[in-house]
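Engineer: The listed protein sequences correspond, in order, to chains A and B. The numbering of the first sequence is UniProt numbering, which starts it at 1 and goes up by one. The numbering of the second sequence is UniProt numbering, which starts it at 1 and goes up by one.
In case anyone wonders, no lab produced these hints; they're calculated from the structure. Nothing here was measured: the structure is a model prediction, and the numbers come from that model. It cannot be assumed that every hint is accurate.
[Claimed, not checked] One-sided and incomplete, this derived list gives chain A residues near chain B with beta-carbon spacing under 7 Å:
{"#": "1", "residue": "Gln-19"}
{"#": "2", "residue": "Val-22"}
{"#": "3", "residue": "Met-67"}
{"#": "4", "residue": "Tyr-70"}
{"#": "5", "residue": "Thr-89"}
{"#": "6", "residue": "Lys-165"}
{"#": "7", "residue": "Leu-168"}
{"#": "8", "residue": "Lys-172"}
{"#": "9", "residue": "Gly-198"}
{"#": "10", "residue": "Ile-239"}
{"#": "11", "residue": "Ser-274"}
{"#": "12", "residue": "Tyr-277"}
Where a beta carbon is used, it is the ideal one built from N, C-alpha and C, also for glycine.
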Amino acid sequence: MALKIVKGSIDRMFDKNLQDLVRGIRNHKEDEAKYISTCIDEIKQELKQDNIAVKANAVCKLTYLQMLGYDVSWAAFNIVEVMSSSKFTYKRIGYLAASQCFHESTDVIMLTTNQIRKDLSSPNQYDTGVALTGLSCFVTPDLARDLANDIMTLMSHTKPYIRKKAVLIMYKVFLKYPESLRPAFPRLKEKLEDPDPGVQSAAVNVICELARRNPKNYLSLAPLFFKLMTSSTNNWVLIKIIKLFGALTPLEPRLGKKLIEPLTNLIHSTSAMSLLYECVNTVIAVLISLSSGMPNHSASIQVSFSRHAHAFVLKYLGLLAMSKILKTHPKSVQSHKDLILQCLDDKDESIRLRALDLLYGMVSKKNLMEIVKKLMLHVDKAEGTTYRDELLTKIIDICSQSNYQYITNFEWYISILVELTRLEGTRHGHLIASQMLDVAIRVKAIRAFAVSQMATLLDNAHLLTGNTQRNGICEVLYAAAWICGEFSEHLEDPMATLEAMLRPKVATLPGHIQAVYVQNAAKLFATVLRGQEGAPADSTVAQETSQLLIDRLPLFVQSSNLEVQERASCILQLVKYIQKLQQKDVEVAEEVTALFAGELNPVAPKAQKKVPVPEGLDLDAWINEPPSGSESEDEGRKSKGKAVFAKEESRHTKPRYTEVDEKELAKRREVRKAEQANNPFYIKASPSSQKVYQDGVGVEHIPVVQIDLSVPLKVPGMPMSDQYVKLEEERREKNKADKKKKKDKKREKGEKGRRRRADSGPESEEDITPAHMVDIVTEEMPENALPSDDDDKDPNDPHKLSANGLIDYEKSHGIHFGIRMVQSVCCGFACKSICWAPCVNTAGYGVDRPPHYLSPHPSLAPLLQVCDIQGNLQDGSQVVVSVIFENKCDSFIKSMEFNVLDSLNSKLQRHDGAGPHDGLTVPFQLPPGISNEARFIFSVQNIVMPQKLKGTLTFIVKTDDSSTHEKLDFKLHFTCTSYLITTPCYSDAYSKLLESGDLKGCSLKLEGVNQPFHHLLARICFHHHFSVVERIDSCASMYSRSIQGHHVCLLVKTADQTVSIDAKCDEPALLGNVLDEIKLTFSQC
Amino acid sequence: MMRFMLLFSRQGKLRLQKWYTATAERDKKKMVRELMQVVLARKPKMSSFLEWRDLKIVYKRYASLYFCCAVEEQDNELITLEVIHRFVELLDKYFGSVCELDIIFNFEKAYFILDEFLIGGEIQDTSKKSVLKAIEQADLLQEEDESPRSVLEEMGLA
């Protein structure tokens, strides 16, 4: 026996122990896996030995390997062996290994039940402790059920060491075996008053955890816990109790009132952050549950927070807590404005952003200027464009919230906006621009000031053009130019502004800004003329102005941007004409001014949808025949121009622009058409966009010297917003004084009022009167708008406004969109089906209105155009539809999906396995201004009837910072003509066909066709896919065949402007429809 | 309740793991790997708290070791931070200015200390003294166990 022990000991000496293993692994960094596999082999050998010490050593090593990620589940039984050793040393290792390796699906766990029970009742408390610890990790429902009673007995063990462990394990047992809760709970409750603080805190722990899951059942314990809370000094226990109360108060509001007092005391007395944090959290929960606020208490919390606000972590949590309070008690947070403003200086960005969020909710009329002033300081200091942009958007958000509710002085706001334009590299030029437009249009009192500011901006445009990217700060010039033009009557020196707008440098700006420049130059021109003619006998200035325009405009006529080109050439012609009149000393000012007369009012976003459909209007019927040329385009433009923006009564003055220019436009269009006809490039699918692109590249090659100054320049002559803060204070004081004095002196507005001084005193929010009699114009709704609010279901839905809304609107007025038809006509295919495209400001009509008011997402849509619907020669039941997608907006369009609602007769051919409602992915993406063509195949059963299919195009519009899902509805019109295929036929075959007698006849008479016979034939061939078989004088025979093999024969005769068509076909229905379509074609010309 | 505690080095080597809910080996590995990546990628100035899956992660770095705890949503982050600190204090007291190597070579001891401090994811004893006393006594028991054998070992050597 002794020898065996000795032998075992010797064996053990040569074994690796844990330290050797760890060292070995560290020494075999290169071939760790190999080393470990040899180690595992050794361990396997060791586990086979009888010596428990060797086994324990092996298990210990396995536990280490398990942590390194090696699978040791094969040794589970050996672990149980070591666990059951009578020696504490080995038992400890065994339980450790078990707690690390075992989980619920380890099957050997069943074998441990009795061993664990034995250990639990061991006289050695450490044996019991080790067993409890292990059990806490791997307890299974079975173990919990079998051992619940034993553990419950241990809760009353004589040793507190065991009691507290047993209490804590009970929670695990409850989780695995909930039935045990009921019998165990009384004893658990007893433990709350255990003499040993450790056991007590363990009991609090368990009950708190239980209560969090189901607070209702533990309400009865509240008095007990309340006592504990006021008596205990152990922070760990306090935190648990306070957390428990946080869960209980929503169920029992009376508790909340009772809690506030002791919690506030704790907040003031404790130095432990964790406790403080827990208290504050609970107080907030309490305050929220008590609908009646207790602002002074929450204020005291804030004070204590400011006391501790040095700690970085707390600052964040504190701000988080404040934002919770802000929702219910804004006043109490407002008093900590300074503290929050301080947080803006913090190094950590997440804290700064939190603070910004808080500021948004904190502003009032009183402190707005001050807060924004602070923010402006930060803008100057801020490093990193992201944060600076965030600041910028926040400033604008803060100021513009609730319809400019907090702004008392719009002059100040305008100057803030102007100051913001000096930011370099910001992406939010567009945002600033839209704010400028909004304020200038809606606050009438501010216009004079705004115009003077904008004029200065235009004059200093070179400072802004450093960043010519889209959305760059130069967007502001868009707003500036428009404001100066539209409200030019307020300009002090329109001539100078006009000159500034026509500088050659302007040509480097993005196209849409140039377009606005050109258009507004015309408005300014009108103003100058009027001003001059008012003053007697100085016609030279007026003539100089005309000359200036004539000199400078050609620069824009050459622009690569179509819009700029069109506007410039149109205005140039107009000015030339005016110059002629001027030379004859004709007074033209009035007529020119009339072009731009009338007031613009913002249109409410929902206005377009609210337009009622007039009675008797059939939206699906053609009102104008489908366009075959660009004639109807004009119509569309004109109606659109007035309908979108004008008031009903000002209709007569509105069309001014288009009416006057119509001749010019028509002339230019003719010229351009001729040009296009001669231009080989125009045969391509989307010549316009390609052309723009090529030219665009050329422009970029022109070296442009940009003034790049690292220090933001002070634009000369611009007032600083700071002045306004001061002035505003004076004004408020003054207003107060005035009120005190007497009431007869009414609120004065304007300069005089603001410059006077008077005594100061505190004033309430309501007393602050705005500096201007602000008239914030509300958006207009259409006359007799439908009162129904069913469309308010989702007011935030952008598609509703941008896509559907517009379409509805356009439809109800029976307007076709002004789609440029050039491409489709030149493609040489019949174009019968035009889709709706909600392109508002992109289609190139000459209406110059900020798109801002049309919808929140102007021009976020591609133009969709069906250029061709053609039968498939190979397959009689297929039609190929070519669709041109053109991206007319400024953003990137991707993930387009084309889908059509199948009818019984026609189905879109989808991929195998796709359902009937799945869309087809368009196999390309569209950068701005690019177009591409996609083909879709439809299978058609019956071709004798024309049909319309409804479809949708969904796509994602990706801008710099966001991407939105958009939807575009369209209709596909399959005419019978599109099923015909031009097929040549010889005259003998033709006569045989006619003789066969299978064909049914039908005839058609067209009156008043005064075009040459060959034109007429060409038209039929071109539009309706026929071929001429034979022509004798004024008589011709024609032939075509449908994709399903129907023969269609025509005999066309003409005499005295009357065309008679005798037709024969083996399918009378098809023939009838084809003839109807032919009739339609000729009625349009 | 604490779900698990991990100790790992800056190089991403796991030094200690304690799971208070029985979890399958595969899930454990996946979670450990994911979490180590997230925590190691964070910069020193960043907050010690982060939200990960449905848990809150509280971590703190001591020398080259990251102590990382996953607690449930309603738990107090700050107290968890204190738990971590208390555990480090305990290790420090036990090993006498603890270093990473102490934990590597005596990893089972580190586990024993942790088990005396936390049980089932809850704090067992808030007093440092009583935890250390329990460990010492258990160790003493172990020494008693081992002492007779060391005599035998000498015999075997001789």
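Engineer: Against this structure, judge whether each hint is valid.
Structural biologist: Status of the hints after comparison with the structure:
no.	hint	in the structure
1	Gln-19	5 Å, holds
2	Val-22	6 Å, holds
3	Met-67	6 Å, holds
4	Tyr-70	10 Å, violated
5	Thr-89	4 Å, holds
6	Lys-165	6 Å, holds
7	Leu-168	5 Å, holds
8	Lys-172	5 Å, holds
9	Gly-198	5 Å, holds
10	Ile-239	5 Å, holds
11	Ser-274	3 Å, holds
12	Tyr-277	5 Å, holds
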